[in-house]
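Keeping their order, the protein sequence lines are chains A and B. For what it's worth, the working numbering labels the leading residue of the first sequence as 1, then goes sequentially. For what it's worth, the working numbering labels the leading residue of the second sequence as 1001, then goes sequentially.
No wet-lab data here; the hints were simulated from the structure. It should be emphasised that the depicted structure is a prediction, and the values quoted were computed from it without experimental measurement. From the three backbone atoms N, C-alpha and C, an ideal C-beta is built for every residue, glycine too. Please note that a few of the clues may not be correct.
As the list claims (entries may be wrong) - Here are the simulated DSS-like cross-link-like pairs (lysine-lysine), alpha carbons at most 30 Å apart as the crow flies:
#, chain 1, residue 1, chain 2, residue 2
1, B, Lys1130, B, Lys1027
2, B, Lys1081, A, Lys51
3, A, Lys302, A, Lys403
4, B, Lys1060, A, Lys51
5, B, Lys1112, A, Lys51
6, B, Lys1081, B, Lys1027
7, B, Lys1130, B, Lys1081
8, A, Lys768, A, Lys655
9, B, Lys1089, A, Lys51
10, A, Lys403, A, Lys768
11, A, Lys312, A, Lys97
12, A, Lys51, B, Lys1056
13, A, Lys3, A, Lys565
14, A, Lys34, A, Lys211
15, A, Lys539, A, Lys211
Said to hold, decoys possible - Which chain A residues face chain B? A few, computed with CB under 7 Å, are given here:
#, residue
16, Thr44
17, Val45
18, Glu129
19, Asn701
20, Gln703
21, Leu704
22, Leu705
23, Ala707
24, Ser708
As the list claims (entries may be wrong) - Far from chain A, some chain B residues (derived; all Cβ distances over 12 Å):
#, residue
25, Gly1038
26, Thr1064
27, Ser1073
28, Gly1091
29, Gln1099
30, Glu1108
31, Asn1139
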Amino acid sequence: MPKDTGIGAATVRREDVRFLTGTGEYTDDIQLAKQTYAVFARSTVAHGTIKSIDTSAASAMPGVLAVFTGEDFVEVGGNPAGWLINSRDGEPMKEPKRPVLAHGKVRHVGDAYAAVIAETVEQARDAVEAIEADIDELPAVVDMNDALSGSNFVHNEIETNQCFDWGWIEDNREATDNAIKNAHHVTTLELVNNRLVPNAMEPRASIGSYKASTGEYTLHTTSQNPHLTRLLISAFVLGIPENMLTVIAPDVGGGFGSKIYHYGEEALVLAAAKKLGRPVKWTADRTESFLTDAHGRDHVTKIELALDADGKFLAFRTDTKANVGAYLSNFSTATPTFLHGTLMAGNYTVPLVYVNVKAVFTNTAPVDAYRGAGRPEATYSIERVIDKAARELSMDPIELRRKNFVKPDQYPFASAAGLEYDSGNYDALMDKMEEVADVAGFETRRKASEAKGLLRGFGVNAYIEACGIAPSNLVGVLGSRVGLYDAATVRVNATGNLSVMVGAHSHGQGHETAFPQVVAEMLGIDPGVIDIVHGDTSKIPFGMGTYGSRSLAVCGSAVVRATEKIINKAKKIAGHMLEASEHDITLSDGVFSVSGTDKSVTFGEVALKAYIPHEYPLEDIEPGLEETAFYDPANFTYPSGAYACEVEVDPETGKVRVDRMTAVDDFGNIINPMIVTGQVHGGLAQGIGQALVENTTYDENGQLLSASYMDYTMPRADDMPMFAVDHNQGTPCTHNPLGVKGCGEAGAIGSPPTVVNAVIDALQSGGKNVTHIDMPVSPARVWDAMQNAE
Amino acid sequence: MNLSDSRVIDAERDLVWAAILDPEMLKLCVPGCQEMTGTPEEGFTATVVQKVGPVKATFKGAVTLSDMQPPESVTIAGEGKGGAAGFAKGGANVRLEAQGAQTVLHYEVEAKVGGKLAQLGSRIIDGFAKKMADQFFTNFQDHVGASPTEETDPEASEDTPKKGWLKRLVT
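Chain B on its own, in the form it takes in the complex (with noise of 0.2 Å):
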């Protein structure tokens, strides 16, 4: 399976940048994420608990980085091994792109699963990996970029921590 995509984050890049070697962020962002521990050095370990089509499984996995181009590139290559659900392996290309305040994410995932999730699952993979992207995008975004709630609603802001994770972090 192949993916491809762009996505605009409204953020700086450094900010990005620092977010996605940051345990604590992915584990807030990505779909399922109950543990993720680790640094980009030594690579994280992650459980995520997912549902593809049939296939309930809880995934424990491995993450290393790998090229990495401070603040532009990264490899990342994983595997996730979910029992006798099966497992997801496979790598991701990572570039930011400054564009302004903003930045720009190019991603391209190459994966591929095995056991019962190809077994059960590979007509609908393709439609939950780009669900599972999608989402984890959308996280991404409410807690590194700029929260439209945060502007639209000023009021919801002041005792609740809705803020983009940066602004958390130095404010």
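Just chain A, same shape as in the assembly (with noise of 0.2 Å):
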């Protein structure tokens, strides 16, 4: 039965009023009083010597009020990576400084080497174009085995390209190449993980302002976790007291992991807001979120599954080469490691894991977590190499999946690449997904698709994901130098409305709707008087931020925690207030009662006594009525899924349409089934992309040939079939308060490998031995594989 609020209501989203009446207020539309503009200047070689930088004729330019060089930031620190991975043979990774300006060289195109503070936004750009930069150009290091075999090295200091090579799981390896070797039937693929760049609608800004009366910096800044963007900047970069800083990140245009990271343009405007003793902002144009956003995925990857004779899985063996660009961000470490690797057993009771990962310095833009983080990269390998062995060894591509499946008996079920899943029900997805994508009906589809000239492909595709990434004692162990908890105020006002204070960022997300939802229900009164608060350092507790779909998991579940605390005192003013125990006191509705009475208070009551302690047991409960709870999980959440594709491919053109796309996932329970939908809906669309048309290309010198819209190309809604979307088959998660898992990868995830299944089956029908064909399929790579196939 849909309920109209509280927990499962699909109630509309309160947010979208400002966002769809132009009413947001995003970094950009803040304006400072004595506000000043800054204009990077950016390295327009992939790789080169700063032999001299002059900026006597900038800096008298009109309206130039500083100019800033590398050489202004040699003192303060690098920005680091937030996880350590550790060599095969126990060697830490390298870790070359990322400096705020570039400084000695420039290691890829947009690298910024200088900052103009001026006037006017005109004025500082004009600037920049004055600067005399003094770059000799070294050759580029672009593709990753010239980066790993020569000697031409992004960072001189290391001596190598090699960031790691890491081993999951290294006891594991001899069993697994044994298990390869003796093995009935071993299916190999190669594959590339296409380069995504990441297209938040609002460009990447900040706003660096400092009161020079008191000490203190604010920051407004485009980030998906304000308080981990201070102490990065505390901590490591600027050194500013925590305490003296204040982030705040306003309406957030989308940030699909891109603006997790603290970048340097960031320290850049707090240091010359203090300089100057002015506001200084910086907001991004298209280009340079093109060249300077962390962008996702480029992994190189051999797989191979070893199978018995009925099919069984015996072991899948991966070895992945990971471009981290020319800099570490400060997730592009655990990204390809304890986000991909533990992900490589998938759905599957497969008993032996092997995963070798070697990250590459190459001239080229940071990469570092997008829209699923390694586990997209994950679910494309084993998915695409399962429907390969199927091929190979003609059997139907679900029965040779639900021979494998880990069974619903069998959770918790340790994972042979390390992990513990709590619960799930594969083959109940892959059920509701055949019935769903109505797979029976498929061969009259294909008829009617032939009959028409066009070769239909059904594809499908199971996948888990980890996600609300925790928890801190063990990410602790494997590397993570920051804890992965989060954090929530329930504060209840006098007149019986409540503000939630987040550490949880929501840029699209629909926090301000869902979390109300919880507590409302919790409470029995009316979600409109709850009011989300978040993104404001100094209004909210220490949390992590919006990342890993981890929101609801984790901030949710503190949540939860800091409003059971508020019922708990609640019922003890209650208890005075009806002169009865705390343990008698019930709540229902809004309203404490004493059981087995008729003796009740309402909920606004006892706020306005808390706050209004006459008569009131001051020895016993203080005044107020506020709470805060940190909320640390025991384990990620397992999110899995069954998605199905059909495609129609044009056999004389290469074009390939999606036609029909089911996803059917298990996100365990669901607070707003509206928003999952629309979350699903969002990641459908991004994979669907990064399958079919995105693609991020630089040539053989480093140079970014797709850096706009001319040549990078984004879906569009014309790309996408009406999605059939299910999450009905949830099975609560075991180990948080809500049973929530995390819905806001999933679609992304899910979808490539199903899509590129369904085009090789669509070429197979037609008679094209084609096994594989790398992402973006697009009409040009469909074409060449089908003339090179006869």
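Make the complex out of the two chains shown on their own, each in a separate frame, by following the hints.
Written out as structure tokens, the structure is:
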């Protein structure tokens, strides 16, 4: 029965009112008094030695207030990697310094080596053109194989381009090798997980300001996690005491991972604001976003799957090179390792998994987590090689997967890649997918396509992901340099309305609607009186922010814990008001009652009493009604799904059209099904975009050729079919109080292999023995593959 | 980007050789050239205003000549910096072949572009380079070669400098 309020209700998103009426307030909308503007001078070469930078002409230009170069930041710290990875031989990863502004060398096109601060953005832009930089171009390191074999180093001081050589699980290496050597059948696939530009609708922007009278700094910035940004700036880069730095992430127009990280522009505007005594604003233009936002994916992988004669999986062995670009971004070492290797058992009972990942520096933009972060790469490799194995063994791809699924009675299940899956039912998801996707009707549809001269293909995929990245104790052992809890403060005001301050940050996820549903359900009150406060470190408790589909599972659990504390205290107050023991007080529909009597007080009366404590037992209970909770999960959450895709391929042109897309997901319990559906739709569009059209192209000199929407194709509405989405098969998470899992990344993880599997199936149905095409599966690549298969 | 082609210039080889080493001549022929100074021995510096797709910029460049085999061949290397628009650099091997009163000019150009030129113009850069080369040689033919206008329209030649460059030089 659909509800109209509280948990499970498809409540309309309250934040959409401001987003859809143009009244959101983004960083660039904020105008501070006496604000100045920063524009950066960026390298036009991918690799070069900075011989000199003459800023005298720029400094003399009209309106110019200051010019900074890398020299000005030699003394401050580097922007660090958040996760220490040790190589197979025990050596720690290489961590060359990532400076605020390039110093000594520029290492990718777009690398900032100077910045001009001026009265207007136009004056700053003109002055940047007047900077005379003598940069000696060096040969660029672009291809990962060249990077590993050559002696041309992105960072001379580390004398290698290999950041680390990581093995997971190293103790399983030999057994995995043996299993593959002795197996009845081994399927091998080499593939590329194409590099993506995040393309958030709102470009990055930052405003630094400084108050000389108190020494306080404020940074308005496009961040998914303002406390993490503050911590990085305070503890590592500029050394500003945390209590002297407020970081505010107001409305943020999309992140997809790219706004997790601290970037040098944020440090620059703060340092410049102090020097000038005036606020300094920087807003990226679209080209800067292409050149400098941390990119996603970029793996080159060889995967092998060993099977016995019955089709049981014996081992997965993966060899991956992961491009980290020119500098380590904050999570760029965690993404190809612990967010990728640990998922390489998929949904399967396979006993052996071994993953080798070499992270490689190149003269390209840094690469880091992007919607899914490591898990799309894992799923793509696994689900593509399984599909290839099914074809080689003439088995039905659904049956082959089912044969190897973890079964519902096996939970908690210790995967061969080192995780403990707490819950799931992959067969139930597959059953539902077969029903929703009308698999039975496929042959009829195929014939109809053939009658039009088109090849129809069916692709299937099963995925699992690890969300709500956690727990701190475990990730600490694995090398994380931060904890991964979250926090919430529930403040009940005297007049009975509530402010809930959360550590998570909403930049499209709908927290302002979903979190009140949870609190309202627990208190039995109208969600309309509950307001969510997020994004301002001076207002919210220390939380780790939003990424990895963690907000509801981790921060939502903190909201639950804080609300429980509110209820406990409110019961004490109600007990006093009703002259009964707090243990006899029950809360139902916003009314506190004494069990077995008709005596009651409302939630509003209790709130008022908390703040106007007349006749109040001050010796037993403090005034006020405000509680904070920090929540550190016991495990990841494990969403899973079964996806299906049908494509039509035009054999004359190679053009692929996605005709049907079905996503059946297990997200555990659902707080707001409408928001979940929207999140899945967005993820599917991004995943289909990666599969069909998106591609980041550097030429051999390290020039980014796909640096605008003329050359970087974004998926459009007319590239998408109507999506069939179902999330009613949830198995609740067993270790968080809401039983929720995480839905933000699922669509982007599950869809790329589904689409490619369908394209291969279509070509095979047309008699073309094509076994693989790298993404994006563009008309040119499909056509090429068809010609070469003949 | 690689571009190689050959052009027949309607002038003798020695004259063509002299023309391609003359900064004044080059200024007339390089499309968008605002300034060209220098000598074959010291190299040339040039300022060129050009629009590549959406990118319009003033390129300041330096050109050096090497392996000079008068009047047969020369290697040209150069780089133009366009500020925020990026840069273009490259080299060309030029070979002159006498063919009676005419000269066949063979060229092989290897060039690369960077910055905004690469980011926004990569798809059109080949076509752009071809167009630049065509324009250069059309200009070159007009200024160095025997002017077809002169032959077909003798009246026009009397009071206009439409004569070929060499003819102006020698008459």
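Taking the hints in turn, this is what the structure says about them:
no. : hint                    : verdict
1   : B:Lys1130 <-> B:Lys1027 : 19 Å, holds
2   : B:Lys1081 <-> A:Lys51   : 16 Å, holds
3   : A:Lys302 <-> A:Lys403   : 24 Å, holds
4   : B:Lys1060 <-> A:Lys51   : 19 Å, holds
5   : B:Lys1112 <-> A:Lys51   : 22 Å, holds
6   : B:Lys1081 <-> B:Lys1027 : 18 Å, holds
7   : B:Lys1130 <-> B:Lys1081 : 20 Å, holds
8   : A:Lys768 <-> A:Lys655   : 15 Å, holds
9   : B:Lys1089 <-> A:Lys51   : 19 Å, holds
10  : A:Lys403 <-> A:Lys768   : 28 Å, holds
11  : A:Lys312 <-> A:Lys97    : 47 Å, violated
12  : A:Lys51 <-> B:Lys1056   : 27 Å, holds
13  : A:Lys3 <-> A:Lys565     : 26 Å, holds
14  : A:Lys34 <-> A:Lys211    : 13 Å, holds
15  : A:Lys539 <-> A:Lys211   : 19 Å, holds
16  : Thr44                   : 3 Å, holds
17  : Val45                   : 6 Å, holds
18  : Glu129                  : 4 Å, holds
19  : Asn701                  : 6 Å, holds
20  : Gln703                  : 4 Å, holds
21  : Leu704                  : 6 Å, holds
22  : Leu705                  : 4 Å, holds
23  : Ala707                  : 3 Å, holds
24  : Ser708                  : 5 Å, holds
25  : Gly1038                 : 20 Å, holds
26  : Thr1064                 : 16 Å, holds
27  : Ser1073                 : 27 Å, holds
28  : Gly1091                 : 14 Å, holds
29  : Gln1099                 : 37 Å, holds
30  : Glu1108                 : 19 Å, holds
31  : Asn1139                 : 29 Å, holds
Comparing the model with each earlier hint shows a violation of hint 11 alone; every other hint is respected.
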